[in-house]
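Chemist: One-letter residues, chain by chain:
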Amino acid sequence: MRRILAKLSLLGIVFGAAAWAQAATPPPDAVEVPDLDFTPTAAFERDYDKYFYYHRANTEFATALADLRECDAYSRGISLRADGGPYGVLAGAATDAIFGAAQRRDIARRNFRVCMGFKEYRRYGLPRSIWTRIHSPEGPGETGEARRERLLRVQARIASGPQPRVGAIVE
Amino acid sequence: MTAKWLLCLVMSALAPATAAQSRQQFGSGDPIVVDPRSSYIFYRTNISGANIRFLREYEPGESPGPVKGGDPMSERDRWVQVRHGPRLTGGREGKTYLRAVRPGSYILYGNVAVGNNGAHVGVCLCMGTLRFDAPAGQIVDLGTILFPDVGASKRPWGVSVVPFDSTMVVPSRLAGLPRVAAEFRAAPKLDNIFGVEIDRHDAMPGVLAYDRDLPIDVRTGRPAAPAR
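Sequence order for the protein chains is A and B.
Take 1 as the starting number for the first sequence in the numbering used here and just add one per residue.
Take 1 as the starting number for the second sequence in the numbering used here and just add one per residue.
Extracted from the complex, chain A is given alone in its bound form:
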């Protein structure tokens, strides 16, 4: 990703270009979303910080999709690498595999949340069972990138959909 961005910067189109917004926008009706209705319990609410989705009132599907793509772009290619200090390359690889990967995921999630927060989307908690349907794994023959785009479309449909009835998270 960084290599692509670097090449784009050669063309002078990286900054302010909002390349993420230029991808095709599918018709919202073509995007299936799971039923988000559930009855809140204390157990569900304890996990809201892990399992949630975004919603903003009066937002079009195309706007939500562009916003989600932008925030996704801010969350990719996290650079942090934990190393082994004076203990060498192998220690560094082990440290990075254990701690670095977790830190990168954490930063990516945080960037996404910061970005969506600035865009004034609100978060709504879910039971894990529904969340996993929104974030379903790759289908047969589906690439990682295709899955990513599919999930963003699902999230955009939800973010621009009906006002959630339950699960509002107080920030």
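Please keep in mind that the hints were generated in silico from the structure rather than gathered at the bench.
Values in this document were obtained by computation on a predicted structure and should not be read as measured data.
Hints are supplied without guarantee of correctness; some may be wrong.
[As the list claims (entries may be wrong)] Per the computed footprint, the stretches of chain B lying under chain A, defined by three or more beta-carbons under 8 Å from a beta-carbon of chain A, are:
{"id": "1", "segment": "109-121"}
{"id": "2", "segment": "193-203"}
{"id": "3", "segment": "208-218"}
[Stated by the list, open to error] Think about it this way: if two alpha-carbon atoms lie no more than 25 Å apart in a straight line, the pair counts; the simulated SDA-like pairs of lysine to any residue are:
{"id": "4", "chain 1": "B", "residue 1": "K154", "chain 2": "A", "residue 2": "R109"}
{"id": "5", "chain 1": "B", "residue 1": "K154", "chain 2": "A", "residue 2": "R104"}
{"id": "6", "chain 1": "A", "residue 1": "K50", "chain 2": "A", "residue 2": "P137"}
{"id": "7", "chain 1": "B", "residue 1": "K154", "chain 2": "A", "residue 2": "P137"}
Built from N, CA and C at the ideal position, the CB exists for glycine as well.
Given chain A, put chain B in place with the hints provided.
Modeler: Okay, now just chain B, sitting in the frame of chain A:
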């Protein structure tokens, strides 16, 4: 492992400043002579190890520099890294930094540093920040760049600028040298080129505001002009 502990681990591995960088970044014992062909960025900070990165905007008609090996930092004439050391002053005159730069318009990119393992760490002000002119033959005084308390749980940890005012200490070594207070303008969103945490500069009266996530130039009432 806490985020704070890991940050300390990475920061401790930061590569030492090169000789060339040291000559551009003034230490407590370096003579200060203002070259009329150069400009100088000066600021105070509230912590000891402050890494700050600036982006120089291309001048009209200027060609983008070469990008070697896919590393955006290879555009050496575009990115300016002020490292945690050397500092211009410490002690009673406060923690201050002075860095020679090519004259031009600069954008405060954030508190970003690179470790000797090549990884970048820190927080970019990618979702809204400030730009200013660094004129030739002048020291441009940014005021104070405040770092957040990383011990606090509140994140993100982006820096913020308090523009120069007459209550701020000016180091005695800058007395008699041409120095101007920075005139800040709104800068737009920037991509997270270095893969770090993201934040935005706080709104600044008369300078920077936000329409949701869109940085607004208060002087014009319009979105901040794209970066050049």
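Chemist: The structure should be examined with respect to each hint, and the outcome stated for every one.
Modeler: A quick look at each hint next to the structure:
{"no.": "1", "hint": "109-121", "in the structure": "holds (count 6)"}
{"no.": "2", "hint": "193-203", "in the structure": "holds (count 8)"}
{"no.": "3", "hint": "208-218", "in the structure": "holds (count 3)"}
{"no.": "4", "hint": "B:K154 / A:R109", "in the structure": "15 Å, holds"}
{"no.": "5", "hint": "B:K154 / A:R104", "in the structure": "19 Å, holds"}
{"no.": "6", "hint": "A:K50 / A:P137", "in the structure": "17 Å, holds"}
{"no.": "7", "hint": "B:K154 / A:P137", "in the structure": "33 Å, violated"}
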